[in-house]
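Make the full structure from the sequences, and use the hints.
Here the protein sequences come in this chain order: G and H. 1 is the number of the first residue of the first sequence in the numbering used here; add one for each residue after it. 1 is the number of the first residue of the second sequence in the numbering used here; add one for each residue after it.
Be aware that a few hints might be false.
What the hints assert, rightly or not - Straight-line alpha carbon distances no greater than 30 angstroms define the calculated DSSO-like cross-link-like pairs of lysine-lysine that follow:
1) LYS453(H) with LYS104(G)
2) LYS104(G) with LYS388(H)
3) LYS311(H) with LYS115(G)
4) LYS8(G) with LYS112(G)
5) LYS115(G) with LYS118(H)
6) LYS115(G) with LYS104(G)
7) LYS115(G) with LYS453(H)
8) LYS114(G) with LYS104(G)
9) LYS220(H) with LYS112(G)
10) LYS114(G) with LYS388(H)
11) LYS112(G) with LYS29(G)
12) LYS28(G) with LYS114(G)
13) LYS103(G) with LYS311(H)
14) LYS118(H) with LYS114(G)
15) LYS311(H) with LYS112(G)
16) LYS220(H) with LYS8(G)
17) LYS311(H) with LYS220(H)
18) LYS33(G) with LYS103(G)
19) LYS388(H) with LYS453(H)
20) LYS115(G) with LYS388(H)
21) LYS8(G) with LYS115(G)
22) LYS104(G) with LYS220(H)
23) LYS347(H) with LYS118(H)
24) LYS114(G) with LYS29(G)
25) LYS112(G) with LYS453(H)
26) LYS28(G) with LYS115(G)
27) LYS103(G) with LYS118(H)
28) LYS220(H) with LYS114(G)
29) LYS29(G) with LYS115(G)
Keep in mind that the hints were calculated from the coordinates and are not lab data. This structure is a prediction, so every number in the text was calculated from the model and none was measured.
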Amino acid sequence: MMSYLLLKLPYFTVVVLTLLGLAAMVFKKNLIKILMGLSLLESAVNLFLIVTGYRTDGVAPIYTNAPSLHMTLPTVQALTLTSIVIGVATSAMMLSFAMVIYKKYGTVNAEKVKKLKG
Amino acid sequence: MDTFVMRHLPALLIATPLFAAFLMPLVGTAGRTARNAWAFLGALLTAAIGLTLAWKVWTTGTVLYVFGAATPQQTLPPDAAFPIRIMFQVDAMSALMAVIASLSALGITIYSLSAESKQSGLETFYAMLFLLIAGVLGMVVTGDLFNFFIFLEISSLAGAALVAYRIDDGVAVEAGLKYALLSTVGALAVLTAIGMLFAQYNALNMATLASRLQFTALDKVALVLLAVPLAMKCGAVPMHFWTPDTYTTAPSSVTAFLVVSSQASLYGLFRILYTLYGDLLQFSWATFGWFLIVLGILSMFIGVTMAIPQKDVKRLMAYHAVSQTGYMLLGVGVGLAVLGNADALAKYGKTAMAGGLFHIINHAMYKGLLFLTAGAVFYRCGTRNLNKLGGLGHTMPWTMVFFMIGALAIAGVPPFNGFASKLLIYESVFRFSPFLSIIAMIVSILTLASFVKVFHSMFMGPPRAEFAAAREVPAPMFIGMAILALFVVVAGLAPQPFIEHMINPAVDALVDRAGYIAAILGGR
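So, in structure tokens, the structure goes:
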């Protein structure tokens with residue numbers, strides 16, 4: 001029972017992270033905090049991808065001196081790496097947007113940043 | 001050399017704009033002329049490759065391209081029973097989208113050469129523009145779900161950066177942030193869905209996934225996580241709220257291409273419903289068809305009613321873009337609703353789909369043209385407010401002609417291309433449900449009314465003193481608009497060859513799920 005829970009623990013973490021991220025994005029007014037929520041959401045998705053790739057007793061697919069041939073397909077790890085890189089680019093760009101908004105509007109309160117209407 | 005290029009067309013389609021994008025800052029240091037020449041060359045080559053690739057698909061059938069394999073056509077590795085490499089699968093549907101994207105990319109790049117010439121930081125502008133082009137082209141030719149996500153993100157990031165490009169008083173950045181935030185959340189949902197599918201079926205290749213899909217509970221969740229963000233990215237009501245902001249604040253040439261980018265998301269939505277899930281939805285084809293139809297009707301009607309009171313000409317056009325997306329959803333939705341009924345599909349389902357798909361290419365052309373004319377007016381007059389504009393017909397006659405062509409096309413007036421695709425939709429949807437067809441016609445009438453107003457307040461009336469200095473646009477902007485206008489007129493006067501050689505194969509490709517799978521895994 002205990003080991004089963006331990007195996008499923010990452011999935012619970014994913015759910016908690018997702019909820020935290022969504023809550024931050026929906027309820028926070030500060031643009032920086034909204035972007036932090038987005039980062040949490042990204043981490044949740046990355047963790048989810050990595051967890052799906054875990055195989056008990058599986059080894060890394062490096063054939064040299066491999067202890068066993070019970071190997072994991074490293075696709076999800078590759079996906080996660082790609083996703084992390086994209087996440088960095090996204091965060092950097094959006095944080096710089098937030099910076100420009102602060103310079104132009106003098107605030108990062110999402111309720112006051114609305115010159116767009118209609 | 002010729003065979004080398006022909007063999008690697010799908011890869012070159014992405015490599016060319018990427019190469020153009022990443023070398024742009026370097027070339028830009030050599031001066032203005034070099035930069036413009038490089039941008040023009042990149043767009044011209046991309047368009048040439050896109051058209052050649054589409055030609056190859058129409059003459060020889062689906063083109064496969066497997067990256068890193070011994071030959072580009074080797075879909076299955078010699079020692080494995082399933083494809084593990086990234087591959088592009090260009091069928092007639094993808095070819096149609098590639099033609100749209102590469103043609104309008106050429107038009108908007110030429111237009112940008114002078115429209116943006118007063119701005120600074122143009123190296124990055126063009127670099128981002130080519131990244132956006134590469135992202136959109138990648139989305140429509142890829143046969144790999146994760147690859148689709150990557151290109152979706154590339155186009156979203158480049159799109160957001162371009163929306164925020166004219167910082168001015170911060171409004172553009174606000175719109176850019178909104179777009180980036182929504183796109184990222186949407187893309188994360190797509191990535192989660194991809195993770196769910198991969199965890200169950202050990203495949204990312206769309207054809208392989210389609211052949212293995214069991215439609216478990218998790219697959220249903222994945223379907224929702226794929227369909228909703230893509231519907232949002234194509235601007236369907238009730239998830240349209242980002243379109244007016246984004247389309248208004250972006251430079252006009254970028255807006256014209258963002259329309260194409262949103263249609264690439266529409267393509268993704270169709271691909272997932274028809275190809276990835278396809279037969280698995282057979283117990284509820286009507287439900288999923290109606291899902292698209294309701295989205296379509298809502299988009300059409302709410303889009304046009306929101307457009308009528310707008311004073312900013314680009315904002316008005318943006319709401320019309322939402323409204324026109326509704327026609328595509330309606331046409332293809334009717335096709336999906338009767339997919340299980342071979343009789344109805346042959347009678348009117350395929351015609352409805354053809355109308356919807358034809359409307360995608362027509363919309364990209366006339367909507368792009370309209371946004372470019374709005375940009376031309378802004379370029380000369382410095383305002384987009386309809387209450388302030390007036391009398392431009394005296395000084396900008398060609399822009400007026402192009403605007404008229406675009407406006408009549410979007411309203412579905414013959415002999416322009418909007419009429420051809422809308423007529424297909426009216427006729428076929430009428431046989432499915434007369435009521436829907438009537439709504440579609442009413443929306444067209446409202447569209448016409450709205451554009452008559454715009455035409456009147458921009459171009460009619462006596463010449464105004466404040467716009468006395470307004471002249472006809474420079475040659476590159478003229479050529480950019482002329483390319484799109486030419487297509488609008490030609491496709492309106494002679495729609496039959498387009499429907500026969502471009503649209504109908506695309507419809508067949510979309511319906512033929514088994515064929516898509518067989519192209520990769522062999523055997524039927």
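Hints violated by the structure (listed by number, smallest first): Hints 1, 4, 9, 17, 21, 22, 23, 25 and 28 contradicted; others consistent.
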